[in-house]
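> Spelled out, the chains give:
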Amino acid sequence: MSEAVSKARRWVDLANPTRFINFAGIVLPWLVGITLLVLAAGLWMSFQAPDDYQQGSTVKIMFIHVPFAWLSMMCYTVMSISAIGTLVWRHPLADVSAKAAAPIGAAFTALALITGSLWGKPMWGTWWVWDARLTSVFVLFLMYLGIIALTRAMDDPAKSSKATAILTLVGFINIPIIKFSVDWWNTLHQPASVIRMGGPTIHPSLLWPLLVMAVGFTLLFFTLHMMAMRNEIWRRRVVAMRRIAARSAERRGTQ
Amino acid sequence: MLSLFLRDTRLGLRAGGGVLIGILFFLAVIAVVPFGVGPDLKLLSRIGAAMLWIGALLATLLGLDRLFQADRDDGSLDLLIMASDRHILALTVLIKCLAHWTTSVLPLVIASPLLGLFMNMEPAAIGATTLTLLVGTPAITLIGAVGAAVAVALPRGGLLVSVIILPLTIPVLIFGVSAAYGAVEDPAPFVAPFLILIAITLFFAVIGPLAAAAALKSSAD
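Same order as they appear, the protein sequences are chains A and B. According to my numbering, the residues represented by the first sequence are 14 to 268, in order. According to my numbering, the residues represented by the second sequence are 417 to 637, in order.
No lab work stands behind these hints: they were computed from the structure. Among the hints, a few may not be true.
To be verified - In silico negatives: residues of chain B with every beta carbon more than 12 Å from chain A:
id: 1; residue: L427
id: 2; residue: I437
id: 3; residue: L457
id: 4; residue: K458
id: 5; residue: L474
id: 6; residue: L626
To be verified - Chain A is faced by these chain B residues, among others (derived, beta-carbon under 10 Å):
id: 7; residue: N536
id: 8; residue: P539
id: 9; residue: V566
id: 10; residue: L611
id: 11; residue: A628
id: 12; residue: A631
Don't be surprised by glycine CBs; every beta carbon is placed ideally from N, CA and C.
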């Protein structure tokens with residue numbers, strides 16, 4: 014019981030930006046180290062993996078394309094949870110988290126689209142088709158850019174946070190559409206083959222590198238996200254301190 | 417609520433050519449298409465429904481920033497928000513959206529059969545396109561209300577509203593156009609996409625005003 018309470022308090026304590034920065038300072042070096050290790054292991058395993066009998070060596074694009082695509086959706090989910098945190102609990106770090114996650118998510122989505130089209134050229138014979146999965150991921154990319162534009166358009170973070178949170182939640186409709194687009198419509202993109210009922214359909218020799226790479230890129234996302242949040246907190250502090258400095262300078266000028 | 421509807425409608429009609437500019441923009445977009453793709457009448461009649469939809473979508477987006485801007489400038493938006501303990505704010509937003517749709521989007525729908533003639537479309541195709549526009553454009557206005565409410569505090573939010581709303585309107589466009597084609601081409605169904613279009617409109621009639629009301633409240637305090 015008391016442990017649960019202290020644990021809950023620890024989470025509340027993290028709401029304090031100073032404590033968060035201390036926490037990030039302790040955790041980040043470890044996180045960076047683990048991320049590098051896992052990514053290195055994943056890369057090594059990917060190069061060791063056998064070629065596909067049909068696709069040849071291009072199947073290796075999968076080891077980066079699939080994690081990027083997963084992360085582009087996970088990042089939006091993280092942003093939506095942050096948006097709920099902003100609107101419901103007015104958590105001071107929630108909008109920092111949402112703001113920091115948006116550019117990272119946009120980058121992962123862009124990488125997923127680029128690697129996907131590089132893979133599509135030798136496999137499908139075309140860089141791009143307007144099928145449901147590709148189009149919905151492209152819409153996700155546009156929404157990331159719209160959210161970033163809205164956040165940057167308002168200079169007061171207190172105001173932009175709520176507007177961005179509402180927009181993020183409305184846009185969350187797209188995530189289930191992306192997930193199920195391959196099941197609802199006939200698409201050129203293959204249906205889900207890793208997370209599905211009845212176990213994955215990928216051969217273990219290709220599945221293991223993929224999973225290790227996915228874990229590695231997820232860790233990379235959390236590392237970057239934490240760094241970006243720390244930067245954002247520092248940036249806001251600099252702005253606040255500049256304001257205080259300007260105010261005190263003004264006061265000195267009038268005396 | 418009825419008086420609010422009447423007031424907004426009257427304001428929209430008398431607001432100095434707002435309606436006319438929307439129709440003119442629609443007309444200009446449609447008139448530019450033959451210059452872009454060439455005056456091939458067969459091709460024009462095939463892409464006509466899609467072009468009418470895109471033109472109507474752009475013309476609707478153009479007028480969206482006026483949804484709350486004028487009320488914010490003269491302060492009546494604050495009064496509406498303050499009255500939210502008597503009337504649900506989401507309902508007020510819904511009424512405002514309906515009034516906005518009646519004054520600035522309904523004329524586009526009425527003008528679309530005429531523009532369909534320019535595109536050399538068959539009468540059945542024109543009728544189907546007008547019908548889908550009639551059912552589908554409220555969804556665009558309701559989605560746009562979220563964008564307009566989010567960007568209401570910005571000095572020049574018009575372009576930003578279009579940018580953040582356009583991705584969300586893609587499903588409306590897809591099902592509107594596929595229903596319009598379904599009415600003409602034989603194997604494609606008409607009823608299924610049409611019903612989905614109605615469902616989208618009803619869905620955003622709930623989500624849109626709720627989200628827009630939340631955004632307006634947060635912009636006020």
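> For each hint given before, does the structure comply? Return the numbers of the non-compliant ones in rising order.
Violated hints (numbers, rising): 6, 7, 8, 10; every other hint is consistent with the structure.
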